[in-house]
Amino acid sequence: MPPRGNWSPLGCLATPRPLRIPYFPHLYYHYPMSGVEAEISGAGYGVKAILHDVRLSAKAGETLAVVGRSGVGKTTLMLSVTGVLDNLLGGWTRGKVSLAGLDPIKRDFKEVPRKIGIVLQDPDRQLAMPFVLDEVAFTLRNLGLPEKRAWGALLRFGLAHKAYAEVETLSGGEKRRLTLAASLVHEPEILILDEPSASIDPWGVGDLKRYVQTMAEKGLTILLIEHKLGFYRGVFDRILLLEAGSSTWAGSVEEADPRILEEHGVDYTLIGRPRERVFTGERVAFLRDCEFSYDGFTLRVDELDIRAGERIALIGPNGGGKTTLLKILGGFHRCSGEISVAGRAFYVPQHPDYLFVRPSVGDEVRDAREKGGHEPLGLPTGIDAGSSPYRLSHGQRRWLSLAIAHAFRPRLLLLDEPTTGLDLFLVEQLTDVLWRLSKSGLSIVFSTHDPRVVMSLADRVLLVADGRVSEIDVDEAISMMLEAMDIEI
Amino acid sequence: MKSDPTTLFIYALSVTVLSMVSRDPRVLLALALLNLPLGTYLGRKRGVIFFLLYFLGLFGIFLNSVAFSNQGTAVLDVGPLVVREGAVKAFLRVFLRLSSILGAALIFYGLADIRELLDALECTMRIPRGFVFSLAVGLRMLALLQRDAGEILEMRAQRGHSRRPLTPGSLSSFLRTLLSVALERGLWIGVAAELRGLSLRERRPRPYRPGLGDVVLLVLLALQLTITILSMVC
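These protein sequences, in sequence, are chains A and B. The first sequence: position 361 = 361 (my numbering), numbered continuously. The second sequence: position 21 = 21 (my numbering), numbered continuously.
Keep in mind the hints are simulated off the structure, nothing from the lab. Glycine residues also receive a C-beta, built at the ideal position from the N, C-alpha and C atoms. It is possible that some hints are incorrect.
So the derived label-pair ranges between C-beta atoms look like this [claimed, not checked]:
{"no.": "1", "chain 1": "A", "residue 1": "E243", "chain 2": "B", "residue 2": "G169", "range": "42 to 48 Å"}
{"no.": "2", "chain 1": "A", "residue 1": "Y164", "chain 2": "B", "residue 2": "L187", "range": "24 to 30 Å"}
{"no.": "3", "chain 1": "A", "residue 1": "S387", "chain 2": "B", "residue 2": "A67", "range": "27 to 33 Å"}
{"no.": "4", "chain 1": "A", "residue 1": "G101", "chain 2": "B", "residue 2": "V21", "range": "53 to 59 Å"}
{"no.": "5", "chain 1": "B", "residue 1": "S172", "chain 2": "A", "residue 2": "E303", "range": "42 to 48 Å"}
Some, not all, of what chain B presents toward chain A, calculated at C-beta under 8 Å [claimed, not checked]:
{"no.": "6", "residue": "D24"}
{"no.": "7", "residue": "R46"}
{"no.": "8", "residue": "V48"}
{"no.": "9", "residue": "R156"}
{"no.": "10", "residue": "S199"}
{"no.": "11", "residue": "L200"}
{"no.": "12", "residue": "R201"}
Bound-form chain B, shown alone:
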């Protein structure tokens, strides 16, 4: 299913906005069910890092829910940890929201030809060059981040630390190394890009030519938009 990068970008951005504005769990469930399975299928090969970030995010959301919304009747009682109804509801809401965003991101990433996408963002959608450049670097950095994450986890295990950073302490230690390496790399890539004339860059025109894939995505988006609006009106 080939789609124009412009459509893909509009689709992913719109689904993200819809899942952020919706508060009704039924709508969030519908959005997640429409996007996550399709996204998982389309982005299964290229989007491994998204899944990694998703599970890390879910863990953080769970901790956050337990810390700030743990009210109501107890649902789970495991020694010192008592999970209450409020925490479960808060977790489920954000979980569904994140699942639809992940699904849309995977559809976007799985179908987009990265070269065409960057071109479309800059020339068709007239997105500022700094943003497009950051996205291009981000896409390149995804592969590097994946490599860095693997190396860091191996080195942690070698030093007698857990290979799976599941506790807040080990997660922050893992992320600190990952981000330090990425930030340093990002800084130099930025310097090099400026010295290669990024700030002198000018746009050139690029036509938008939608095909069958674009129509399918736009129909799917219209469906989600309708569900969201109806839930707000009724």
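Just chain A, with the same shape it has in the complex:
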């Protein structure tokens, strides 16, 4: 970063005059200053320690993937390393952290934003401004940099034509690109990405991967927190494995053993486990010449039959109409044409919190039993019945939402991106449960951006894009998704 303000080698004796330094972002990017070093012997909130013994080292220009199961402390590590845990969230960190030469925990927290760019898992939990241009200019204005630079960042991430659009009108992929533009516009030395592919379609993942790769090639130090490491093969240089709040292994990509990584919930190989087809042939639902329009968007389904026990994956780009189709089947949207669902359909939203109505997990289960008329699916051990559903981990919330749905014994279960944010173990547990339920005759329609889930679970695949629904072969769908992500297996 060029020095700001006036400067003179003679101090107050000389007349200060503006120092003009030509600014070449590409040159700057090729000469990064420093990386990240952390030796943390403990970190957490109050008396609860979440991190115990973590040694993290990412040299300047290196891309380090931080991996491990859900709940091992990856996000806490990110918060600790950036100083947020100690300075904003009332937590604590014991140990030493050096972030681009700064001490973020004690004296230099205010300077951290000049050195880092950060991309969080869910763009809706990061984007603060109502308009696209303002979102990028926000970073620049905060740091006292010229706001016209925002246009360059928007151009670079293909968002210049939407500069004055409201953020809420962007698709999921566009929101992700906007978070990247806003995080990189001030040309930081370090980029921190916390599960950046969680909410975007395969084409978005492909774009994201290319952006990250370009940044890595230009010498940016990158910390990538991710379950689906296989999505980023060829992008990162080293891996840090966390287990129960401690770093248990660190090494280069060449040294990594995919089996050990997968034993720790990290999906390195991206190979799903195909299961037998179980559907019986009895028709549970059908749609014919169905059309539904809202806000200038129209979804059209010419014909769709769903049989008992079938597992149908809906794939396609963000904003293509997958959720709309699920909601039509769930009876939330009325479409023109013929539609029939034999028995009950139950829709589980992408954000499980929307489904909760009671203050505790125990009350939720009782309410589901009472209103649904059946016993809900058993919850995994470790969930306290007295705790608030909103305090559970993402995987636990997802499980609770499925348990609630099961209490209603639907004939048709509609799942909106059920594996978002889950690690390999949780994805496998979930697909196992869904497979067992489908064996008992339950038809499942689920939207997903994850080729592993299509591989493991789908009997049929519907491509939903630009408001049209067309059936494609399962293998063809998987190849299409992997190709979009730029992944070879």
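Given chain A, work out where chain B should sit, using these hints.
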């Protein structure tokens, strides 16, 4: 009618203060009649969430009035619920107050260019950056809250609960989910904003240039101010 965000902010804030300090029902009625119809017209497209919150608020006010001011002669007797004169008076007073505030908020929200507004708040009016940032996030969150509220109501209906949260229990259940989602989102937006240098932000100058729209609003405000002062003096 284009108005400078500074004028709009001063107008909305002043009407809110006037409706809070006035106790005379006639003044409150005048304020409500001057603001609510105009606000409803100007903010009808963008301010749907305000109406939703307004009706939720009215319901709460009614319950509050019945619980704490239910004295005097009975006005309505429906089985176990007896509504008395005191409750009606208390409800009407707060209803009129809330209507003028809603009207002013809708005028503000309907006319303000959000980008200019945030700029004006920070640079012309020198409002602290934390407040302006909260307002910006709040404006973005309005759209998200609207989406969340729709989803939550649909999911409630699916689980066999009322789609319209009219009882205290269902209202608290609906709001608990809505607020939990919003709070979690707000926390992370705050963290991300701090990591993008919010605390390093500095102000830059911005001139105030009033136009015809500003004059109309200021005259309307002067009228309301006069009514309020006269009611206090006479």
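Practice problem: Tell me, in ascending order, the numbers of any earlier hints that this structure violates. | Solution: 6, 7 and 8
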